[in-house]
Amino acid sequence: MAQDGTRPGPGSTGGIDDAGPGGGTVLPGPARPGADDLVQLIDAHGVRHPHAHYDALVADVDGPALQKLYEDMVVVRRIDAEATALQRQGELALWPPLLGQEAAQIGSGRALRSDDFVFSSYRENAVAYCRGVDLSDILRVWRGNASSGWDPYTINMATPQVIIGAQTLHATGYAMGIINDGDDAVAVAYFGDGATSQGDVNESMVFAASYQAPVIFFCQNNHWAISEPVGLQAHVPIARRAPGFGIPSVRVDGNDVLACLAVTREALARARSAGGPTFIEAVTYRMGPHTTADDPTRYRDANELEDWAARDPLARLAALLDSLGLLEAEYTDSVKATADAVAAELRQGCLSMPEPAPSDVFKHVYSTPNSWLDRQQDHYERYLASFTQAPQEGPR
Numbered sequence: 065m066a067q068d069g070t071r072p073g074p075g076s077t078g079g080i081d082d083a084g085p086g087g088g089t090v091l092p093g094p095a096r097p098g099a100d101d102l103v104q105l106i107d108a109h110g111v112r113h114p115h116a117h118y119d120a121l122v123a124d125v126d127g128p129a130l131q132k133l134y135e136d137m138v139v140v141r142r143i144d145a146e147a148t149a150l151q152r153q154g155e156l157a158l159w160p161p162l163l164g165q166e167a168a169q170i171g172s173g174r175a176l177r178s179d180d181f182v183f184s185s186y187r188e189n190a191v192a193y194c195r196g197v198d199l200s201d202i203l204r205v206w207r208g209n210a211s212s213g214w215d216p217y218t219i220n221m222a223t224p225q226v227i228i229g230a231q232t233l234h235a236t237g238y239a240m241g242i243i244n245d246g247d248d249a250v251a252v253a254y255f256g257d258g259a260t261s262q263g264d265v266n267e268s269m270v271f272a273a274s275y276q277a278p279v280i281f282f283c284q285n286n287h288w289a290i291s292e293p294v295g296l297q298a299h300v301p302i303a304r305r306a307p308g309f310g311i312p313s314v315r316v317d318g319n320d321v322l323a324c325l326a327v328t329r330e331a332l333a334r335a336r337s338a339g340g341p342t343f344i345e346a347v348t349y350r351m352g353p354h355t356t357a358d359d360p361t362r363y364r365d366a367n368e369l370e371d372w373a374a375r376d377p378l379a380r381l382a383a384l385l386d387s388l389g390l391l392e393a394e395y396t397d398s399v400k401a402t403a404d405a406v407a408a409e410l411r412q413g414c415l416s417m418p419e420p421a422p423s424d425v426f427k428h429v430y431s432t433p434n435s436w437l438d439r440q441q442d443h444y445e446r447y448l449a450s451f452t453q454a455p456q457e458g459p460r
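Okay, so the sequence shown: first residue is 65 according to the working numbering, each after it adds one.
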């Protein structure tokens, strides 16, 4: 460890992006030549490639563990498809699809401990699934039945942040609190490539580096910030920005669930051992629209979509499992049945969700009783009651 309390990332050899003592480092990169400068353990064809640094971090991931990761991705893709259908049928006001980003979310989400705390955007429904969120709670906000979906402290995951990038501030502040508590939990902030242009994200990295806070900045570079391509705002890989703040960073194939698991485990280990923050850029692709209110055909080339479809995260893991003799019909039928059951539970939970009472808008505004708010609620309830008290008809 350096005298100023910082330390280089494990495995760093002071490569071309090393910022020197006390600076950030771009961590061990490609698994092999031609891997597009990304940590990649499973390529687009489902071939497992060795990596001198990261293999040790996933040495425990055997065949059954790979099958479980595959099941997770199939299930969350089915959740996503069901929620999209519910929106198209008028049962949800809006839905932000995660199609194509399953590996980044499942790989990182399954690396976390239960006492780690997640701060996400509105697209990390697969991470919420990993945290054990009730399926109905995923849809509650999008149906317009509540202002937040779940109690954050029951699953150690904050409710989704719609303000772009604001969750990075929350995660960094929470991580600074972890230091004060003397704990070894970690805060994780999920955001998209577009959020990296927000001041909040950059300010968060200043504080995280200054205090060596145990926080992971997990950027899912899905190539489109709504309708603008990532290349418009990032002329170099996004991960190269973090070393300028003194934060080690790594680029990973975001469609490779095993590589995402490995780099997240490394970042968690660093944070737990007073090594400070890490920036992960998971390079993936948003296959669907930004939300169901968006039409990506207006700004996206169909050929680009076709190219990324060939790198599908589920297909590549399925190919690896098949090569290992782990994709038998009995297993795939079981996975499909699980996914269908989860989708049915999701739909039933949505359709049976009770409508909120008008006065529910006053709930959870303050954590303690508030006379000013109580007075407003009383006036509002008397106003609503006036519509149900029909005047009695007098004599004609």
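Check each hint, because a few of them may be wrong.
[To be verified] Label-pair distances were calculated between CB atoms; the ranges are:
#1 A379 - D198: 28 to 34 Å
#2 R364 - R336: 51 to 57 Å
#3 D404 - W436: 35 to 41 Å
#4 D245 - A157: 22 to 28 Å
#5 V429 - D404: 36 to 42 Å
#6 N434 - N367: 52 to 58 Å
#7 Y217 - A421: 21 to 27 Å
#8 L415 - E392: 31 to 37 Å
#9 R336 - S398: 22 to 28 Å
#10 P433 - T396: 50 to 56 Å
#11 R446 - T396: 43 to 49 Å
#12 D359 - L296: 18 to 24 Å
#13 G237 - V429: 18 to 24 Å
#14 Y395 - W436: 55 to 61 Å
Keep in mind the hints are simulated off the structure, nothing from the lab. No residue lacks a Cβ here, since even glycine has one placed at the ideal position from N, Cα and C.
Hints versus structure:
1. The hint said 28 to 34 Å for the Cβ distance between A379 and D198, and at roughly 30 Å that hint holds.
2. For R364 and R336, the Cβ-Cβ distance of about 40 Å falls outside the hinted range of 51 to 57 Å, so the restraint is violated.
3. Checked against the given bound of 35 to 41 Å, the beta carbons of D404 and W436, roughly 50 Å apart, lie outside it.
4. The supplied range of 22 to 28 Å is broken by D245 and A157, whose beta-carbon atoms lie about 39 Å from each other.
5. The given range of 36 to 42 Å is respected by V429 and D404, whose C-beta atoms sit roughly 40 Å from each other.
6. Here the CB-CB span from N434 to N367 is close to 57 Å, well matched to the stated 52 to 58 Å.
7. Y217 and A421 have their C-beta atoms about 25 Å apart, which keeps the hinted 21 to 27 Å range intact.
8. Restraint check, L415 to E392: a C-beta distance of roughly 35 Å satisfies the suggested window 31 to 37 Å.
9. Distance hint check for R336 and S398: the Cβ-Cβ separation is about 35 Å, which falls outside the suggested range of 22 to 28 Å.
10. Taking the beta carbon of each, P433 and T396 are about 55 Å apart, inside 50 to 56 Å as hinted.
11. Range check, R446 to T396: about 60 Å between beta-carbon atoms, so the 43 to 49 Å window is missed.
12. Taking 18 to 24 Å as the suggested C-beta distance range, the pair D359 and L296 conforms, at roughly 19 Å.
13. For G237 paired with V429, a C-beta distance near 22 Å keeps the hint of 18 to 24 Å intact.
14. Between Y395 and W436 the Cβ separation comes to about 59 Å, which falls inside the hinted range of 55 to 61 Å.
In terms of the numbered hints stated before, the structure departs from hints 2, 3, 4, 9 and 11, listed from lowest to highest.
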